[in-house]
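Asker: Chain by chain, the residues run as shown.
There are 2 protein chains.
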Amino acid sequence: MLHGGLWRQYQSVNADRTFDHVMHWLDHEGWLSNFDRVASGEPMGDRPGWVFSDSEVYKVAEAMAWEYARTGDKTLPVRLEALATRIAAAQDLDGYLNTAFGHGEQRPRWSDLAEGHELYVAGHLLQAAVAHVRTIGEGTLVRAAVRAADQLCEEFADGAREAICGHPEIEVGLVELGRALDEPRYIDMARTFVDRRGHGSLGEGNFGRAYFQDDTPVLTADVLRGHAVRALYLSAAAIDLAVDQSDTELLDAVQRQYDRTVSRRTYITGGMGSRHQDEGFGEDWELPNDRAYCETCAGIGSIMVAWRLLLATGEVRYADLIERTLYNVVAASPSDSGDAFFYANPLHQRVEGEPVDPVRANPRAESSDRAPWFEVSCCPTNLARTFASLSAYFATVDERGVQLHQYGDYVLRTPWRGGSLALSVRTDYPDDGTVVVVVEEAPETPCELRLRVPEWCEGATFRVRGAAPVDVSPGWATAVGPWSPGDRVELHLPLRPRVIEPDPRIDSVRGCLAVQHGPDVLCLEGIDLPAGWSLDDVAVDDPSSELREGMPARVSLRSRSALDAAWPYRPRVRGAAGRLIAGRATSSGEGAVSSSPGPYRETHLGPADPSGGAEDRVRVALRPYRGWGRRGRTTMRIWLPTS
Amino acid sequence: MLHGGLWRQYQSVNADRTFDHVMHWLDHEGWLSNFDRVASGEPMGDRPGWVFSDSEVYKVAEAMAWEYARTGDKTLPVRLEALATRIAAAQDLDGYLNTAFGHGEQRPRWSDLAEGHELYVAGHLLQAAVAHVRTIGEGTLVRAAVRAADQLCEEFADGAREAICGHPEIEVGLVELGRALDEPRYIDMARTFVDRRGHGSLGEGNFGRAYFQDDTPVLTADVLRGHAVRALYLSAAAIDLAVDQSDTELLDAVQRQYDRTVSRRTYITGGMGSRHQDEGFGEDWELPNDRAYCETCAGIGSIMVAWRLLLATGEVRYADLIERTLYNVVAASPSDSGDAFFYANPLHQRVEGEPVDPVRANPRAESSDRAPWFEVSCCPTNLARTFASLSAYFATVDERGVQLHQYGDYVLRTPWRGGSLALSVRTDYPDDGTVVVVVEEAPETPCELRLRVPEWCEGATFRVRGAAPVDVSPGWATAVGPWSPGDRVELHLPLRPRVIEPDPRIDSVRGCLAVQHGPDVLCLEGIDLPAGWSLDDVAVDDPSSELREGMPARVSLRSRSALDAAWPYRPRVRGAAGRLIAGRATSSGEGAVSSSPGPYRETHLGPADPSGGAEDRVRVALRPYRGWGRRGRTTMRIWLPTS
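Protein chains in written order, with UniProt numbering: chain B, 1 to 643; chain U, 1 to 643.
Derived by calculation from the structure, the hints in this document are not laboratory data.
Be aware that a few hints might be false.
Claimed, not checked - With the Cβ distance kept under 8 angstroms, some of the chain B side facing chain U (calculated, not the full set):
#1 P358
#2 A361
#3 S367
#4 C512
Unchecked claim - Non-contacting residues of chain U with respect to chain B, defined by C-beta distances greater than 12 angstroms in every case (computed):
#5 L6
#6 A180
#7 Y393
#8 P571
#9 R637
The structure displayed is predicted, hence computed values, not measured ones.
Backbone N, C-alpha and C define an ideal beta-carbon position, used for all residues, glycine too.
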């Protein structure tokens with residue numbers, strides 16, 4: 001569907017490189033052959049991989065199905081069927097399918113619901129089957145998923161095993177499969193899982209009940225908390241259920257939680273998850289930049305939630321947030337060659353970190369180097385399925401007409417009120433802010449055409465069928481037909497770099513500003529500093545007046561030339577020259593009395609003496625955050641301290 | 001030795017309450033009876049407690065020995081001997097002593113050096129024996145420790161098991177015991193352990209080699225890194241060895257590492273350890289307040305290191321740092337009743353947290369409520385031994401005379417150059433800044449008397465034998481004898497609250513200030529705010545001019561009255577009234593074109609309208625951080641945002 005531009009490039013690299021890369025690692029790590037070994041009845045006591053490694057296989061299967069829809073590549077259903085045959089061979093006679101439990105030398109099925117991830121893994125199988133149904137149709141993977149879903153619905157029915165999984169995912173898998181196959185039992189089971197959550201049945205775990213959203217029922221919680229990916233997958237399922245079951249109370253609850261999360265627990269990149277320790281949300285306003293976790297999967301989870309809220313409410317701000325998260329979390333993760341990834345997406349990299357070993361799974365993911373694979377490797381396969389299905393997020397159709405949410409080169413073709421509508425969308429976005437929509441086929445009935453004017457855009461203009469351009473403000477620019485083939489609509493979005501200030505309650509960025517350019521949050525990389533400069537020591541003057549159109553944006557930096565001192569906290573005593581002087585009395589005394597100094601020496605911490613010379617200042621380039629770390633290991637920061 | 005005042009109070013509560021409290025929990029958790037069970041030959045597969053729980057028993061034994069020296073309480077050696085008998089009964093015939101390894105159903109001895117803590121536990125046994133030797137003398141505990149030390153020296157000799165322990169502690173235990181018993185083999189073994197470290201022999205672990213200081217040898221490292229307590233215990237041992245072996249290269253190396261750590265990786269409280277995830281130091285300038293770990297044990301470890309550097313170098317700044325850490329980390333941890341503790345000591349508590357269960361070991365220690373015990377419970381016993389031996393840090397004697405480092409009510413009595421010196425020190429410090437020293441006995445030879453003038457003190461005066469007071473600056477105030485009984489020396493340390501500014505490289509406190517009063521870092525507790533106010537929303541005007549002598553210090557706070565918005569990052573666009581306005585063009589268009597807004601509404605983030613009325617401002621009390629959370633659960637912050 002996407003014919004060119006940034007996202008088409010990501011999709012091509014995904015299909016051409018990442019698929020093979022992921023399959024190589026699944027093979028290399030033994031996560032694929034776990035299915036073969038279960039099928040052969042081998043003892044599995046030495047099974048490699050975490051308990052959830054099956055899910056990586058399912059996510060790449062899902063990616064293949066979406067990719068088939070994107071390109072029609074006929075080898076994909078063949079490869080997918082071969083993969084599905086290996087998967088299905090490991091399925092037990094009753095439908096249970098998991099290589100980590102219940103086979104020779106392993107713990108019994110469902111014996112560790114809090115940490116065992118069995119239902120989580122099944123949820124990814126179901127989502128893969130949904131992609132298969134919606135693109136290829138029937139197949140081995142779908143049959144295996146249905147058998148697995150039937151088995152777990154029986155196992156976890158009310159009156160049977162009334163329990164939930166520590167990691168939400170089965171819920172969204174069940175509701176999606178229930179819709180795809182028109183099977184209300186699956187939807188009911190998903191609802192049951194959602195309703196059972198929040199009552200402490202999982203115990204305390206290592207990080208408390210909130211870690212797996214088992215502290216408070218979904219209906220009554222106020223904010224997302226605990227493990228970010230878990231919270232977001234659960235929210236996605238709850239919205240699907242609320243819409244399916246016309247449950248406005250549930251929809252309102254999730255929307256309320258997500259909105260507060262966006263307003264108080266979300267980074268400027270759209271990233272979510274402030275803590276490494278539990279991969280979790282912190283408290284309101286707890287948004288450290290250097291230790292921001294911002295897991296790539298949480299970015300994807302947030303897009304899943306925002307997309308569902310956009311569909312459920314029609315509120316354009318959710319499309320804005322999808323854009324922000326796509327450009328500044330999802331796009332930041334993969335390397336240009338699609339074979340290395342960021343797992344965490346911090347906003348400040350204090351040290352370059354170690355070079356990453358390209359042939360070893362990475363344990364920690366804290367370097368400025370992208371890693372080929374991780375010991376917990378959820379992100380690469382999550383990216384694969386997201387890029388393959390990305391165009392689904394670009395536009396919607398409803399009874400009034402068509403809404404264009406994201407911009408790129410694509411043709412939208414849809415039946416509409418008995419007729420048929422085709423639009424060609426062309427743009428060099430985000431390098432250029434002009435979006436041209438040409439009507440290729442038009443229905444007879446007048447049809448509303450809505451284009452999102454991004455929240456970041458000031459001075460946008462909208463031009464319909466050659467009329468004079470009119471100003472449009474963020475939200476929707478709307479034009480109403482009737483349309484004829486060849487009709488042209490143009491949206492112009494000025495792309496000046498903009499200076500962004502944070503809410504004063506965010507302690508981590510007090511006294512700082514950031515710069516955005518179009519949908520891109522910009523960052524400063526240490527690699528762009530002159531020799532001898534350090535990102536620790538720089539400050540920026542308010543660049544509002546000096547920022548010009550065009551990229552990279554350039555700002556003036558000063559080096560603070562702070563003197564190193566033995567102790568970094570000093571009394572505020574201002575001397576005549578406005579310098580900060582450590583309190584120091586001159587001592588005098590009789591012969592028997594003397595005084596010698598401690599380690600606190602006179603120094604200044606303020607701006608360097610202006611007469612210090614030009615070497616204190618430099619103009620440096622700010623570039624899109626999504627591009628960081630691609631020119632070698634480096635330090636980096638998004639938020640720039642002001643003078 | 002201490003007769004009154006703040007620290008005497010801590011010592012009394014420690015002896016009267018904490019000892020019994022700790023013994024109760026050691027019993028309750030089964031950590032004591034582990035020794036009995038090993039002695040009886042029971043299978044130990046179900047042994048309760050972490051692998052290092054024996055060390056808590058040793059630390060309380062050490063505390064009892066020091067406490068005997070403090071008070072002469074004759075029941076203590078009896079209780080200690082009874083405890084030692086239980087301990088020694090678990091000792092294997094060859095001297096190996098550990099209840100977690102090597103017995104029925106357990107892993108073999110030394111089978112998990114990276115994580116098993118066997119040598120760490122032995123190190124605490126040796127330190128307990130040192131306290132025993134230096135206070136009570138011979139005894140069962142000492143004999144057990146010697147047998148254990150002999151066994152491990154043979155086991156880990158060069159040519160035998162050339163390995164180290166993941167958690168340093170054996171090194172300081174061995175060097176201290178070697179000195180106490182004049183046994184060079186122990187000192188050599190300690191040196192061998194130190195020299196073996198830093199070569200990667202422990203593997204990568206969960207957090208990489210730096211976690212256990214196995215990334216770089218002690219001689220070549222530049223800064224403390226990884227797990228803070230481990231790094232500090234290792235440093236303490238290395239200094240002891242450097243002094244003992246006159247190894248200035250080693251001493252310089254540790255001093256260099258510690259000095260850089262103090263100047264770039266230490267909180268204003270003296271607390272060390274910025275990360276929860278690995279209980280570790282972060283990078284330079286990575287000093288989050290809300291997620292500061294500042295483990296109580298790391299504070300104690302830092303005092304151990306600073307004390308050794310003070311002795312080795314004579315530099316007064318190490319005594320300053322001991323004071324800072326004692327008042328603002330160690331003193332903050334225990335409850336007034338000595339039966340609950342902070343494990344972590346954050347500088348910012350965003351939420352009150354849950355009430356702590358007083359009869360259950362606490363898993364996470366993240367509330368504003370002190371907890372009775374922890375699943376990993378190193379801190380309570382570490383406090384017990386530190387308070388019991390606290391007076392050791394107060395003064396030193398050398399060939400020139402006497403140095404008074406810390407202030408309180410005490411009598412110092414020491415032989416000096418064939419004569420004898422006795423000083424009575426009286427003060428209400430830190431409530432009052434006057435310290436009076438009266439000579440009670442005097443040697444014939446003139447003797448230098450040095451009193452530390454704390455680094456925080458401006459305007460100190462010093463008065464010797466009734467002469468006119470003279471100004472003294474931070475460092476040493478020195479008076480030289482000859483002295484006669486009744487001679488009096490007075491140091492006056494003005495206690496005005498002082499405003500402190502951070503180094504601009506500390507991102508977490510940019511635009512903030514703190515207030516100190518004497519050695520106390522002050523904090524603002526949410527419990528002191530008017531109803532409806534939140535610590536998230538306050539800012540302080542520069543209080544330099546309004547701070548008066550006397551406690552609590554009072555500052556003027558403003559509530560920012562920021563409006564809640566859907567997104568907390570906004571473009572910097574200043575309107576006519578100086579308000580920050582989100583970009584928003586007025587739209588107009590022909591009939592077929594319309595524009596509707598996104599979620600970004602006009603708002604202001606700056607100071608509230610001054611006409612908003614007096615309810616926006618309040619004078620609030622700042623109180624010593626060590627006292628926080630003692631009046632009920634509360635939010636809290638040390639660093640106050642400025643306007």
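Asker: Confirm or reject each hint.
Answerer: Going through the hints against the structure:
For B/P358, the suggested interface contact is broken, since its CB lies about 17 angstroms from the closest CB of chain U, more than 8 angstroms. Hint on B/A361 is violated. Least Cβ distance to chain U is approximately 12 angstroms, over the 8 angstroms limit. With a cut of 8 angstroms, the hint placing B/S367 at the interface with chain U is violated, because the nearest CB-to-CB distance is about 11 angstroms. Here the hint on B/C512 is kept, as its CB sits about 7 angstroms from the closest CB of chain U, short of 8 angstroms.
Distance check on U/L6: its Cβ is at least 22 angstroms (rounded) from any Cβ of chain B, clearing the 12 angstroms threshold; non-interface status holds. Every CB of chain B is more than 12 angstroms from the CB of U/A180 (nearest about 32 angstroms), matching its label as outside the interface. Every CB of chain B is more than 12 angstroms from the CB of U/Y393 (nearest about 17 angstroms), matching its label as outside the interface. Non-interface call for U/P571 relative to chain B: violated, since the shortest CB-CB distance, roughly 5 angstroms, does not exceed 12 angstroms.
The claim that U/R637 lies off the interface is violated: its Cβ sits roughly 9 angstroms from the closest Cβ of chain B, which falls inside the 12 angstroms cut-off.
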